[in-house]
Each structure stands twice: as C-alpha cells, then as structure tokens.
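Novice: I would like the entire structure built from these sequences, with the hints used as guidance.
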Amino acid sequence: MKRSVLVCAFWIAMGGVAVVGQSAQAEYYVAGQLGVNFADRLKDIQGTGSLVTVPSRFENFDLKNAVLYGAKLGFFPGNGPMGMELDVFNSQPNIKQMGDIPGIHLRVTNVGLNLMLRYPGQTFQPYVGFGGAALIGHISKTVDVQSDTDVGFGVNLLAGIRAFVTPYMAVFTEYKYTRGTLTFTEAFGSTGGFSGDYQAQQVVFGVSYHF
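457 is the number of the first residue of the sequence shown in my numbering; add one for each residue after it.
Honestly, the hints are just simulated from the structure, not real lab data.
Take these hints with a grain of salt, some might be off.
Unchecked claim - Simulated pairs of lysine to aspartate or glutamate, EDC-like, Cα-Cα distance not exceeding 16 Å:
| # | residue 1 | residue 2 |
| --- | --- | --- |
| 1 | K499 | D518 |
| 2 | K499 | E515 |
| 3 | K552 | D606 |
A quick note: this is a predicted structure, and the numbers were derived from the prediction, not measured.
Specialist: Here it is in structure tokens:
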C-alpha cells in the first residue's frame, strides 16, 4: 500500500516537473504596433428595425483611411512554430460626407484571437496567421444620426516578418486583412438603423519584447 502511494506520488511529481518544464520552454511576447488602416467602402447597406424594408439611398458608404494603433500578446508553446496571438487595434475610418449629408465619425476596435504559424529563426521570423475577431464599432452623434455602438463578428488574416535586434527584442512589419459586418440598430433612434459589410487592409510596424 505504502509502495503504491509512493509510486503515485512519484509519477504526479514527475508530471508536475514536465508541465513546469514545458511552461519554461514556452515563448511569450508583448508588442506595440502603429500603422495605417486602408478601409474599403461600407458595402451592401441595409436598413434595420422599421427601416428594414426601405431601400437604401446609398449602396455604399465611403470610408476614410486612418491611423491605426494597438497591442499584441503572443504565446508559442515549446518555442515551436505554432502559437496563439491576441491582437487588439483601433482606428477611426470615418464615413465620408455624402452629398448634403454630413459625414459620421466611426471608430472600429478589432479584438482578434489568431492561430499563428512561423518559421522560428534566430534572427528573422516570417509568419502568417488567421482567426476570428470581435469588431467593436461606434458612431458618434450628428444632426442626422444617434450615437450607437455595435459588437459584430469578423475574420482576420495576416502575414509579416519579425527581426530580432537583441535576444529579447524584435521589430516587425505586418499586413492584415479584416472583414466583418457592422450593425447600428439605434442610429436613427426608435426608427431603426443600418448595417453594412466592413472590409479593411492594414499595414503596421511595431516592436515586440519576448520572454
């Protein structure tokens, strides 16, 4: 009986050591990023609420290009080629003025969780990734619309390359593509709102710290 207990305790301890060892070998990193959001038009505009059957006056809403900023948190188990990354970035691709209708301030925050695949080189690390995202859209109040916030679902694709300047610090450049739907159900108060397909391409530069 005592021998069985000792054997179980031994294997539990060995398992704990293995888990700690794997955790110690894992690579974590944090990063800051800055770039440009090249937003496409907000397409396939549809009414919501009581406006759902009303034909849209505009097929598309033109969006402005905007500065992008954000942060990343990454994890590669076993310091290997596959990992996960939390990628959060914010931009303000405002809706442009449409004829006599003034523009609308639009802010989009992308909170993405991506599966990453990289070449784990010592100095240069090219990588790709894809995943889902929560797109948090917010429009500000104007003469024609009410302030409204929406959380929709989107997808992210990305590719980039990282270059280590020290064993723990690297610089990177990255291309991203985002697609999803933004819906503002209270844009026109109790009358309803609108929804549209959102697409954007981003080019960013950043610095990461690895530990």
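Novice: Hint by hint, which ones does this structure get wrong, listed from lowest number up?
Specialist: 3
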